[in-house]
Structure formats: C-alpha cells, structure tokens
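**Q** Each residue of the sequence shown is one higher than the last, beginning at 1 in our numbering.
Calculated from the structure, these hints are not laboratory results. Warning: the hint list may mix true and false statements.
[As the list claims (entries may be wrong)] Taking lysine-lysine and the DSS-like style, the derived pairs with C-alpha atoms no more than 25 angstroms apart in a straight line are:
#: 1; residue 1: Lys271; residue 2: Lys259
#: 2; residue 1: Lys265; residue 2: Lys253
#: 3; residue 1: Lys253; residue 2: Lys129
#: 4; residue 1: Lys265; residue 2: Lys277
#: 5; residue 1: Lys50; residue 2: Lys129
#: 6; residue 1: Lys265; residue 2: Lys250
#: 7; residue 1: Lys265; residue 2: Lys275
#: 8; residue 1: Lys26; residue 2: Lys83
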Amino acid sequence: MTNAPLNVRSLQDQLQSLARREGVSKWDLGASRSSSASVQVDRGEAKQLKAAQRSSITVRVWNQQGLVGITSTSDLSDSGLEKALMGAHQASEFGNPDDVPGFSPLATAPQPDLHRPVQEAQGIQSLLKQLLDAEQQLLGRHPAIGTLPYNAMNEGSSERIYLNSEGALRQAQRTQASIFLMARAEESGRKPRSGGAVRLALGSRDLDLAGCIDEAAERIQRMARAFLAKKSFRTCLFKMILLKNLVENKVHKEHQEHKEHQDHKDNQEHKENQKNKEHQENKKNQNFLK
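Working from the sequences, and respecting the hints, build out all of it.
**A** Rendered as structure tokens:
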C-alpha cells in the first residue's frame, strides 16, 4: 500500500516545542522517504523480486553566534527528532564562521498547483502476475521469439517535506510505475535480433500493458522485414552485377571478333593489292622487252 502522508503540522509543532526547550530560535528540517517494489521474470518463473523502503532526515540548527550545525538520521519518531535537533545544536559549536548558509527566499513562496494524483500501489504479487502474463503474450506473438532477456515492472511512491522556524511548510508526494519488455528472436540463417518497449504511468493500474506488448512485438517484426528486404536487395544487386558482367563480356567478345574479322579482311585486301601491283609490273616489263 502507498504510505500515508506525514502530518507536517504536527511535526512542525513538535520541532517548535523542542527548539524552544533547547533555546534554539533558528532551525530547519528536510526529510524524504520512499518505498518501491519491482519484479523480473524469466520463462514463466519469477527471476527477481525486490522491495525497499528508505527515509532520511537532515536537521540544521543556528546557535546564538550564528553558526550552523547539521545532523542526519532516518528515525522519524519523537525521540529520533529530539536526538537530531540536540545533536545539530551541539554540532553548531563547531560551525564554520566563514560559511554560514541561510534560508532560501523560495521556502515561503507560493507553490504551483500540479495535477499529479497519488495512485494506490497494487503490491509485489500483483506486479509479478501481470508481468508473467505479459511475458507469455509477447512470446506467443512470433514463433522466433524465445526469451525476454530484459524485463521489469515496478511501482513506487515518494514524499518530501521542508520545514523551518520562519513558518515554511512544503510537502510533495508522488507515485510512479513503469514496465519494460525486451524480446529476443532467433531463427536459423539469421542474426539474433531484439526489440523492446517501455511504458510509464502515475500508478501500476494505469500502465498500458497491451500497448507495450504490441510495440515490442512490432519492433521484432519490423526488424525481420528489414532483414528480408536487405537480403532481397543484396540478391537483386548480385543479379544485376552478374548480368552486367555477362553483357560486358559478350560485348567485349563481339568487339574482339569484329576486330579480328576486320584485320583479316584488311590483310586480304592488302595481299590482293600487292598481287595486282606485281602483275602490273610484270606486264610492263614484258611490253618493254617487246
């Protein structure tokens, strides 16, 4: 379930009371906490289930000399806040007088109204069931899809607050969810190919699981079509090159035969001319002797 928001008014009153008791007039607190759950699957079995909760608090105190002390903790209980404030007050005695921070003027500025509704978490078992179903649907989209080597579905919530002694009170809570599917296809005579898709939403109930499955499958099929088109192009290119070579060889052969025929014809004419010339010379010589 999504964490209930912190009661920042009660927290502010508690810190004001502790600060007055310790003689502290200037202080501030920043806190954040988050929870998340994620699942991964592999061939119909759960591969990894993870859930985590985190929280952190930073308290700053300015003493009478204007020096600042800082402490951090993850304990949001009454005793944890008391120890953090007292520790920061004690640490302020060792503050650096050359580096004294102050409050940001934006700490009390109006906050923009963001429409980001907080969604209820479904729980890790529900995430696992949905991801297993998505895996089976994607594997059934194409016979070549054998595995989903990379996949994940997660949901989480986070909250941040800021309080100070001048009345600043800021609080933000948000939820988010995501699903990632990457399929791997392998076929004989082809290189393995992968295609994936991701979807984001404010909560896991709003995730477009069908759209994510469709996009991942379409990417795999698009890569297959591209491979076939590339293979067809290479085949056509090879045929064109082969045809070009055949035509060039035929033209070269015809040209060579034509040249040989012309050379033979020229030789014949040359011999005929030479023979006629000799005949004319002989005839002249005979006439002269007469």
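**Q** Take the hints in turn and mark each one as holding or not.
**A** Here is what the structure says about each hint:
With a CA separation close to 18 angstroms, the supplied pair lysine 271 and lysine 259 stays within the 25 angstroms bound. In summary, the hint linking lysine 265 to lysine 253 is supported, as the alpha carbons are separated by about 18 angstroms, within the 25 angstroms threshold. Between lysine 253 and lysine 129 the alpha-carbon distance is near 73 angstroms, which puts this suggested pair outside the 25 angstroms criterion. At roughly 18 angstroms between alpha-carbon atoms, lysine 265 and lysine 277 fall within 25 angstroms of each other, so this suggested pair holds.
Between lysine 50 and lysine 129, the direct Cα distance comes to roughly 15 angstroms. Compliance with the 25 angstroms bound is thereby established for this hinted pair. Simply put, lysine 265 and lysine 250 have alpha-carbon atoms about 22 angstroms apart, close enough for the 25 angstroms limit, and the pair holds. Distance restraint check for lysine 265 and lysine 275: the Cα-Cα separation of roughly 15 angstroms lies within the 25 angstroms cut-off, and the hinted pair is therefore satisfied. Proposed proximity of lysine 26 and lysine 83 is supported: the alpha carbons are some 17 angstroms apart, at most 25 angstroms.
Going through the hint list in order, the structure does not satisfy hint 3, though it satisfies all others.
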